[in-house]
Amino acid sequence: MERIYMDNAATTATDPTVLEEMKPYFTEVYGNPSSFHSFGREARDAVREARDKVADLISADDAKEIVFTSGGTESDNYAIKGVAEELKDKGKHIITSSIEHHAVLHTCEYLEDKGFDVTYLPVDEDGLVDPADVKDAIREDTILITIMLANNEVGTIQPISEISEIAQENDITIHTDAVQAVGSIPVDVNELNVDLLSLSGHKFHSPKGIGALYIRQGTRIEKYLHGGAQERGRRATTENVAGIVGLGKAAQIAGQNLEEKQAKITQLRDKLIDGILEEIDEIKLNGHRTKRLPGNVNFSIRYIEGESILMKLDLAGIAASSGSACTSGSLEASHVLLAMGLSAEVAHGSLRLSLSKYNTEEDIDKVLNVLPEVVSDLRAMSPIYNQ
Amino acid sequence: MERIYMDNAATTATDPTVLEEMKPYFTEVYGNPSSFHSFGREARDAVREARDKVADLISADDAKEIVFTSGGTESDNYAIKGVAEELKDKGKHIITSSIEHHAVLHTCEYLEDKGFDVTYLPVDEDGLVDPADVKDAIREDTILITIMLANNEVGTIQPISEISEIAQENDITIHTDAVQAVGSIPVDVNELNVDLLSLSGHKFHSPKGIGALYIRQGTRIEKYLHGGAQERGRRATTENVAGIVGLGKAAQIAGQNLEEKQAKITQLRDKLIDGILEEIDEIKLNGHRTKRLPGNVNFSIRYIEGESILMKLDLAGIAASSGSACTSGSLEASHVLLAMGLSAEVAHGSLRLSLSKYNTEEDIDKVLNVLPEVVSDLRAMSPIYNQ
Amino acid sequence: MMDYSDKVMDHFENPRNVGEIEDADGVGQVGNPSCGDIMKMYIKVDDDNKISDVKFKTFGCGAAIATSSITTELVKGKTLDEAKELSNQAVAEALGGLPDVKMHCSNLAADALRKAINNYLGIETEEEDDFHCHHQHG
Amino acid sequence: MMDYSDKVMDHFENPRNVGEIEDADGVGQVGNPSCGDIMKMYIKVDDDNKISDVKFKTFGCGAAIATSSITTELVKGKTLDEAKELSNQAVAEALGGLPDVKMHCSNLAADALRKAINNYLGIETEEEDDFHCHHQHG
Ligand SMILES: Cc1ncc(COP(=O)(O)O)c(C=O)c1O
Ligand SMILES: Cc1ncc(COP(=O)(O)O)c(C=O)c1O
Ligand code: FES
Ligand code: FES
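Chains as they are written, first to last, in our numbering: chain A, 1 to 387; chain B, 1 to 387; chain C, 1 to 138; chain D, 1 to 138.
In short, the hints are calculated from the structure, not lab data. Possibly wrong hints are sitting among the right ones.
Computed cross-link-like contacts, EDC-like style, restricted to lysine to aspartate or glutamate with a CA-CA straight-line distance of at most 16 Å [as the list claims (entries may be wrong)]:
#1 LYS76/D with GLU20/D
#2 LYS223/B with ASP113/A
#3 LYS78/C with ASP48/C
#4 LYS55/C with GLU20/C
#5 LYS114/B with GLU86/A
#6 LYS114/B with GLU85/A
#7 LYS291/B with ASP124/B
#8 LYS23/B with GLU20/A
#9 LYS44/D with GLU82/D
#10 LYS114/A with ASP89/B
#11 LYS7/D with GLU73/D
#12 LYS114/A with GLU222/B
#13 LYS88/A with ASP113/B
#14 LYS135/B with GLU162/B
#15 LYS223/A with GLU109/B
Listed next, the stretches of chain C that the computed footprint assigns to chain A, with coverage defined by at least 3 CB atoms under 8 Å from CB atoms of chain A [stated by the list, open to error]:
#16 11-24
#17 38-47
#18 50-61
From the derived model, a few chain B residues whose C-beta atoms are all more than 10 Å from chain D [to be verified]:
#19 VAL29
#20 GLU112
#21 GLY115
#22 GLU125
#23 ASP141
#24 GLU162
#25 ARG216
#26 GLN262
#27 GLY275
#28 HIS288
#29 ASP363
A virtual CB, placed ideally from N, CA and C, is assigned to each residue, including glycine.
Sequences and hints are given; from them, build the entire structure.
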């Protein structure tokens, strides 16, 4: 059976060109970038080039502002704990939103345990943070604002530049988790005007396990991994050279014709959204209709539960995801959908289909063909349907 | 020019078999192991198999005791900060040695800043920690002993089982940085009787950027990366699937005929040591003569400085390393050699040649051919030679 | 995180005895939509106190659907006493095992069945299940 | 972390004017073995107050050796006044640049030379350099 992958918000396939670029860095150019000799220099050169490419993709002024990490989670942990640690004598208040990724939320909760005070801002029914709420939440002791650029579940894109203006006026460090945005939409750290920005390669066709934290020059932050002097002393550990090379190549490819690719994916997305709305009743599109990632489709489908939708789709060869997940012995509805005002019941029936450059018109047609039957099968089994 | 790589303690070449094993996990089996669908399941299965292989290599009772990390540095940071964080109400005293890798030392220094108290045990002239010193250092409030299994510069292997017995008697958590040992010598977490053990793939022919922390069941430790529920909640972040598969394969290969390979490398090492001692005068072998990693050769060569030795060797096509390094505007002598009682002057002239399974008899001959001339050239230029 | 057995997949794909029994002798429901699962069981009881027919409707995860299905198969033709004895363990075993995090799902089906039997027998059951996600304490 | 220019590599591989001058007119030494570097400069001065010959010996890193070498080249034939003016910057530039962390090495050679000139001129220089690694404050 030919399978269709529509879970690109979870992770993407590595671009074969990216893999090609990486290959020599396993078995041939295998030196340690910190080593003095020629093997080391070759690796060092490769890391330098990759750093330039990543800096380019997000329009950083200086490649030195890019620190490679093991992925989005580390970037978020580093940014938030690093600023908290560094500025804790100045204040202990952090502002975030209630729809952040767990890498941000659980890090904030960890800091609450350590005596920090965190404000979780609400969002409207489209998942948007109101900059006025940010302003109102600021206190004397606010040291950090961390709000994501684009949401991983519903794709809503936040007004970060407006929020960063408020941060700047109040002299507060601002971080954005741009893990879902980088590679999908144009991201410019100067337009966004943020101090810190997290990105993760596997969301845009580099391998998993490699990411970066953008740290604007002059930003005060404690390091996260202690040890050797790698990454100008900001992240110890022997560099993941092949991964870094892959991230660099993926960044370069992502930047090429970005707007064109964005338009194409958006068009597929809209076809999928419109098609689903046409074929299936009693459903709700989650997330903002237009301030939305090009590849994100998220519906709540009433009377049925997400995991069983996924199973039916999987059996039909379609890989998708849901905000409903049985994590540790209980089905939990997505904190994002709940924060957007959905009832738990409706939130449990959510389905996310996320596209990448590899998805085609035919993929969309297949989903539009399969999904209605999946829904009606499950509804026929549901004790709360038609009652 | 054919180049010889003798810096395997810094990093090793990825085994081509390992790379082959990894390849499908970039572009074909690219699912997120946390995903529900078949793409996710395939990735999950691959991670499970790799975990079994790593557990096997270090004879862990249960694969669940293996947590994948981004490398040795993260494993060390996780172990030390994690235990410190978790047990800080019980006590704030940590015992380590003065010859640990910076990933341990700088983490300990960071904790000192945070109010912990660290004892840095001395070593003898061979780089050995005396278990009696460990016993003497234990206090009421000692919560962690962290001593490396094998030293990265001089290769000396510590009596960890003796030390862990003392730890156990005193009910203190014990961690060992086995980054240099795993894959080179047999390592058995139960024989060593440690609670935590760090390893890093790129030291034994897996790629860089992947490692593991062994956490014995029941060990109390705060998690390090906060976010998703990956690795049974102990390390958030989308799993580096290809890297994990590579680590697993490398672990499997390392375990095959380990003693045979060890014997072969030891024999090459001894030929190199004996040859150098024969050819060059006024030098000193650093590290214990026999309680030593099979691949480690480390000499102090009087009257000349390490970096210039490396440059000459590099020009002759030989990649090596030195304990003398210009890090941030000043030559710093190795803290390991200084702790072993060498004067800074002698420590500056240190040269490490580290072997792997890929080194040959011919490599040894070439070094024995080139090195004496390098030394005499530099000595001829030295104002402190023959004075 | 689900890795279901072939048996679970079979019952999920081809659930047995789905539906309602118009003139059921007993009906039992557990769960709550806000917890993401509701199971409803209908039974017909014959003169020998045996379950002559049983049907279910389920809103829930794949394990919930599969456990509902196998439960109906396991109890069809059994006496009420036998059926009441059906343990969650037995349900899970009949499915070739369930992933750890899904073990609680097997409670639901057996609970719904017991409720249906009690309903037939005229025994009141506490309605606690309707107010919080009972499988969280499961 | 060294990425040296071709010029540095050339002077490292083929250092000019290595050695001692038996009957030197001036000798200057800076550095300390425990800091990992010592540079010693020997000069001959002719009747026009020009440096007619200069030689060096260096214990130190690659940059230390290369800067010693280029310094001897730069000052040979220069008057003492000209030679004294030789800046660290000029040494680094003549080598096509030095990595940031190695900029301090360029001080050493110029300092040793100035010491040699002062020695010729009979001027005492403080010996602070011998007691701590002076390039740490460089
Ligand atoms: C918005 C967001 N932040 C952070 C992460 C974490 O990234 P990673 O899995 O690379 O650690 C993800 C994806 O998992 C994400 O979507
Ligand atoms: C003993 C020891 N510990 C820790 C590390 C750090 O490992 P990694 O570079 O994988 O972070 C190394 C090597 O760099 C090492 O030799
Ligand atoms: S019913 Fe299956 S997760 Fe609760
Ligand atoms: S002399 Fe070059 S590092 Fe100091």
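Evaluated hints:
Between LYS76/D and GLU20/D, the direct Cα distance comes to roughly 15 Å. Compliance with the 16 Å bound is thereby established for this hinted pair. In summary, the hint linking LYS223/B to ASP113/A is supported, as the alpha carbons are separated by about 13 Å, within the 16 Å threshold. With a CA separation close to 10 Å, the supplied pair LYS78/C and ASP48/C stays within the 16 Å bound. A distance of roughly 6 Å separates the Cα atoms of LYS55/C and GLU20/C; the hinted pair therefore holds under the 16 Å criterion.
Between LYS114/B and GLU86/A the CA atoms are separated by roughly 12 Å; this keeps the pair inside 16 Å, and the hint holds. Taking the CA atoms of LYS114/B and GLU85/A, the gap is about 10 Å. The hint holds against a cut of 16 Å. This hinted pair checks out: LYS291/B and ASP124/B have alpha carbons roughly 13 Å apart, not beyond 16 Å. Pair hint LYS23/B plus GLU20/A holds up; C-alpha atoms about 10 Å apart against a cutoff of 16 Å.
For the given pair, LYS44/D sits about 15 Å from GLU82/D by alpha-carbon distance, which is consistent with the 16 Å threshold. A distance of roughly 13 Å separates the Cα atoms of LYS114/A and ASP89/B; the hinted pair therefore holds under the 16 Å criterion. For a cut-off of 16 Å, the pair hint linking LYS7/D to GLU73/D stands: about 13 Å separates their Cα positions. Between LYS114/A and GLU222/B the CA atoms are separated by roughly 12 Å; this keeps the pair inside 16 Å, and the hint holds.
Between the alpha carbons of LYS88/A and ASP113/B the distance comes to roughly 14 Å, so the proposed pair stays at or under 16 Å and holds. At most 16 Å may separate the alpha-carbon atoms for a hinted pair to count; LYS135/B and GLU162/B meet this at roughly 10 Å. Proximity of LYS223/A to GLU109/B is assessed by CA-CA distance (about 13 Å); at most 16 Å being required, the pair is judged to hold. Chain A is given as covering the segment 11-24 of chain C, and this holds because 4 residues of the stretch bring a CB closer than 8 Å to a CB of that chain, at least three being needed.
Counting residues of the segment 38-47 of chain C whose CB falls under 8 Å from any CB of chain A gives 3; the rule of at least 3 is met. Residue count for the segment 50-61 of chain C with a Cβ under 8 Å from a Cβ of chain A: 5. That meets the three needed, and the coverage hint holds. Chain D leaves VAL29/B outside its interface by the beta-carbon criterion, the shortest separation being 37 Å against a cut-off of 10 Å. Remark: the non-interface label on GLU112/B is consistent with the geometry, its nearest Cβ contact in chain D lying 23 Å away (cut-off 10 Å).
With a least CB separation of 29 Å from chain D, GLY115/B remains clear of the 10 Å interface cut-off, as annotated. No beta-carbon of chain D comes within 10 Å of the beta-carbon of GLU125/B; the shortest separation is about 19 Å. The non-interface label for ASP141/B is consistent with chain D: the shortest C-beta to C-beta separation is roughly 36 Å, beyond 10 Å. At the 10 Å boundary, the C-beta of GLU162/B stays outside the reach of chain D, the nearest C-beta of that chain being 35 Å off.
Listed as a non-interface residue, ARG216/B keeps its Cβ farther than 10 Å from every Cβ of chain D; the least gap is roughly 38 Å. No Cβ of chain D approaches the Cβ of GLN262/B within 10 Å, the least distance being about 32 Å, so the stated non-interface status holds. Under the 10 Å C-beta cut-off, the non-interface status given to GLY275/B relative to chain D holds; the minimum distance is some 25 Å. The Cβ of HIS288/B sits about 25 Å from the closest Cβ of chain D, beyond the 10 Å cut-off, so the non-interface label holds.
With a minimum CB-CB distance of about 23 Å to chain D, ASP363/B clears the 10 Å threshold, and the non-interface call stands.
Going down the numbered hints, you'll see the structure goes against none, and every one checks out.
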